[in-house]
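K.L.:
Spelled out from the first residue to the last, the chains are:
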Amino acid sequence: MSAFNSSAPPSKYVTLVSSEGFEFVVLRQATYCSPTIKKMLDPNHQWAEAKAGRCVFPEISGVVLEKVVEYMQYWYAYREKEDVPDMHIPVDICLELLQAADFLGMDQ
Amino acid sequence: MDDNEEPTLPLMPKLPASFGTVNGRKRAFQLDTTFTEPVYSSDLGVFSSDDDPGLDNYAHGRHKRRYQGAWYDHIHAPAPTAEKVSDQVTPRKAICNDVLSTPNGQSSVPPSSGSTWTTWSQTSPPSSQKTTSLPAWAQMSPSSSQRATLPRPANISKQAARVQDVIQQIDDCIDTGMDTIDLTDQNLDDDCIIPLTFEKLSKLRLVPHVELDLNHPVSEKYLHKDSKIKLLLSNNALTRLPGTLFSVENLTTLSLRGNDLTELPPALGRCRNLKELNIAYNKLTHLPFEVIEMIPNTTIYLYGNKLYEVERRSEEEWAKQWHARFSGEEVGKSDPARVWYLGRGPVQLTDTGGRICSSYTLPASGGAGNRMQTTSEQIPPSTTRHRGQHQQSTKSSPALATRVPSLAEICARSMVVASQSEPYVDVPAGDALDLVSRTCSAVSQSLYQGGQWCAICKTPFVTARAQWIEFYIRLDFSESSAGVVVPRSLSNWQTVGEYLLPSLRKGCSWKCVPYGREPEPWSIIPPRP
Numbered sequence: 001m002s003a004f005n006s007s008a009p010p011s012k013y014v015t016l017v018s019s020e021g022f023e024f025v026v027l028r029q030a031t032y033c034s035p036t037i038k039k040m041l042d043p044n045h046q047w048a049e050a051k052a053g054r055c056v057f058p059e060i061s062g063v064v065l066e067k068v069v070e071y072m073q074y075w076y077a078y079r080e081k082e083d084v085p086d087m088h089i090p091v092d093i094c095l096e097l098l099q100a101a102d103f104l105g106m107d108q
Numbered sequence: 001m002d003d004n005e006e007p008t009l010p011l012m013p014k015l016p017a018s019f020g021t022v023n024g025r026k027r028a029f030q031l032d033t034t035f036t037e038p039v040y041s042s043d044l045g046v047f048s049s050d051d052d053p054g055l056d057n058y059a060h061g062r063h064k065r066r067y068q069g070a071w072y073d074h075i076h077a078p079a080p081t082a083e084k085v086s087d088q089v090t091p092r093k094a095i096c097n098d099v100l101s102t103p104n105g106q107s108s109v110p111p112s113s114g115s116t117w118t119t120w121s122q123t124s125p126p127s128s129q130k131t132t133s134l135p136a137w138a139q140m141s142p143s144s145s146q147r148a149t150l151p152r153p154a155n156i157s158k159q160a161a162r163v164q165d166v167i168q169q170i171d172d173c174i175d176t177g178m179d180t181i182d183l184t185d186q187n188l189d190d191d192c193i194i195p196l197t198f199e200k201l202s203k204l205r206l207v208p209h210v211e212l213d214l215n216h217p218v219s220e221k222y223l224h225k226d227s228k229i230k231l232l233l234s235n236n237a238l239t240r241l242p243g244t245l246f247s248v249e250n251l252t253t254l255s256l257r258g259n260d261l262t263e264l265p266p267a268l269g270r271c272r273n274l275k276e277l278n279i280a281y282n283k284l285t286h287l288p289f290e291v292i293e294m295i296p297n298t299t300i301y302l303y304g305n306k307l308y309e310v311e312r313r314s315e316e317e318w319a320k321q322w323h324a325r326f327s328g329e330e331v332g333k334s335d336p337a338r339v340w341y342l343g344r345g346p347v348q349l350t351d352t353g354g355r356i357c358s359s360y361t362l363p364a365s366g367g368a369g370n371r372m373q374t375t376s377e378q379i380p381p382s383t384t385r386h387r388g389q390h391q392q393s394t395k396s397s398p399a400l401a402t403r404v405p406s407l408a409e410i411c412a413r414s415m416v417v418a419s420q421s422e423p424y425v426d427v428p429a430g431d432a433l434d435l436v437s438r439t440c441s442a443v444s445q446s447l448y449q450g451g452q453w454c455a456i457c458k459t460p461f462v463t464a465r466a467q468w469i470e471f472y473i474r475l476d477f478s479e480s481s482a483g484v485v486v487p488r489s490l491s492n493w494q495t496v497g498e499y500l501l502p503s504l505r506k507g508c509s510w511k512c513v514p515y516g517r518e519p520e521p522w523s524i525i526p527p528r529p
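Keeping their order, the protein sequence lines are chains P and Y. Using full-length UniProt numbering, read the first sequence as starting at 1 and increasing by one per residue. Using full-length UniProt numbering, read the second sequence as starting at 1 and increasing by one per residue.
Same shape as in the complex, but just chain P:
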């Protein structure tokens, strides 16, 4: 039966962990807006992240990762909509968030 486990459909949610250990449980589909996370979670690659459904980001602090997760939900909710409201980002985390966006490949 264990052979079936690997081919079982992966969980609908994944966990993102910040450097301080804050955990964010996010819809798997929403995290796909980051090509990096999508690759990490690709079941074909058999990486630890894909098996456990849990990605740890030692470089990203909790404040920034929270905003990243907020963006993921925002992207997921409006990606097919025509009328997209603005998302607010406090200026003081902009640079850190940009670094995280660079790492996560979120420039699409």
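Computed list of chain Y residues with no C-beta within reach of chain P, every gap over 10 Å: (1) 165; (2) 168; (3) 205; (4) 239; (5) 258; (6) 275; (7) 283; (8) 303; (9) 309; (10) 493; (11) 498.
Keeping only pairs whose Cα atoms sit at most 30 Å apart, straight-line, the calculated DSSO-like set for lysine-lysine is: (12) P:81 with Y:458; (13) Y:506 with Y:458; (14) Y:275 with Y:228; (15) Y:200 with Y:228; (16) Y:506 with P:81; (17) P:81 with P:39.
Computed beta-carbon distance windows for the label pairs: (18) P:86 with Y:169: 39 to 45 Å; (19) Y:457 with P:73: 18 to 24 Å; (20) Y:272 with P:92: 34 to 40 Å; (21) P:103 with Y:157: 39 to 45 Å; (22) Y:202 with P:10: 54 to 60 Å; (23) P:85 with Y:272: 28 to 34 Å; (24) P:59 with Y:317: 53 to 59 Å; (25) P:38 with Y:355: 14 to 20 Å; (26) Y:179 with P:85: 44 to 50 Å.
Derived by calculation from the structure, the hints in this document are not laboratory data. Just so we're clear, the structure is a prediction, and the values are computed from it rather than from any experiment. We treat Cβ as the ideally placed atom computed from N, Cα and C, and that holds for glycine.
Put chain Y on the given structure of chain P with help from the hints.
P.N.:
Using the frame of chain P, we list chain Y on its own:
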């Protein structure tokens, strides 16, 4: 406890290593002072006398005082007198003008783009030195002795002198009441013009001129006369223009003839009173759409630019299109616009970092190659994978066309909004190709240009995701009793080709593209070198 002098403080919270280097809006700075402890903020702490239960706070009435800096710097310091406190200003603003100030000490000159290092490096952080008896803010106020010791590289002061010179000339014109500001033939380059150069002009209001002439109706006598400013910047070496120039509301004539401009900022559209625009003999390859919109009300001199051209079309095909376009009811008598959209080129798609993701690339000026066939236009919508040489670096994921801006773009917009109230800061573009520096330079460019708006959804954006060239033509219709008469000569392509006006349009997302408006994009010829 070996250090009894210092009051004990609670330990600083443990912060991650990245916290000190990148700290949001607080700019990182490099000071050559050696610090004994890591510094997390460049801003001085501010606290009031209420925090200090010392007796002399209550001796001279209850005037609340504000201190700046670490509180333990003040604990042994003499209390500042009330006058000093009242005129205390944040030292940053005062010092940032310093490098640019004239020899006689006027500090009316705003910081130029090249001197911004002073803006952010002068606010020294609270140090724990105990050798000083003055409070920290008093040491940091711009005294004349400190002014002399400030490092002042020769090129910066020279450039500052030129910036000052331009501002002085504008000031002279304002003071003497001349409405023509003549800055021609002065060999001005980009460093001589800063966004705040035109600040006084944009605030200029003329005093009403009262004439004791009985022929005038009374109501007109006391009215504000709109100033009609003519700004002549011809025969200089400018390659770009600050967006603030176009907030000069009463600008009626602007001459930029004989410069090296490659692009005009979209903020030009704010000049609603512009009657004459001379952009002849520049290096423009296209016009912003705002200029196209101005055409009916403005005289525009365009010759001597290497504009994009369109590959020649067959005459029969064009005649057919022409009749379909202009014989119908579209040419209405009531339509005041005399500029017509004729067609567009293929769309170039990029990501927020500026990498090109479509197979079509806009031709660079002077380049003979890269003449894409029109059939190779790539449609980005949701199902197609994006191809291109950057496939490895941009992760080979399917790029979804969505109206949601990218995370980097949202950050950039937030930075632009936050920086608008501050003086313009030129973030050096740098060699680094990472997203952070590219976004920062895009932000600074957007601030310099005065913003841009999506051609489709009108949202202000920082980085264009889609770019294409549209072609317009100016037509002078003559009206007869039967309706509008289109000049026949323009139904042959040869003539049309010479009058086409290329306009670069930008979209803020991969969905903000002009598909469906034109069945087949035109093939664009890059401008001849």
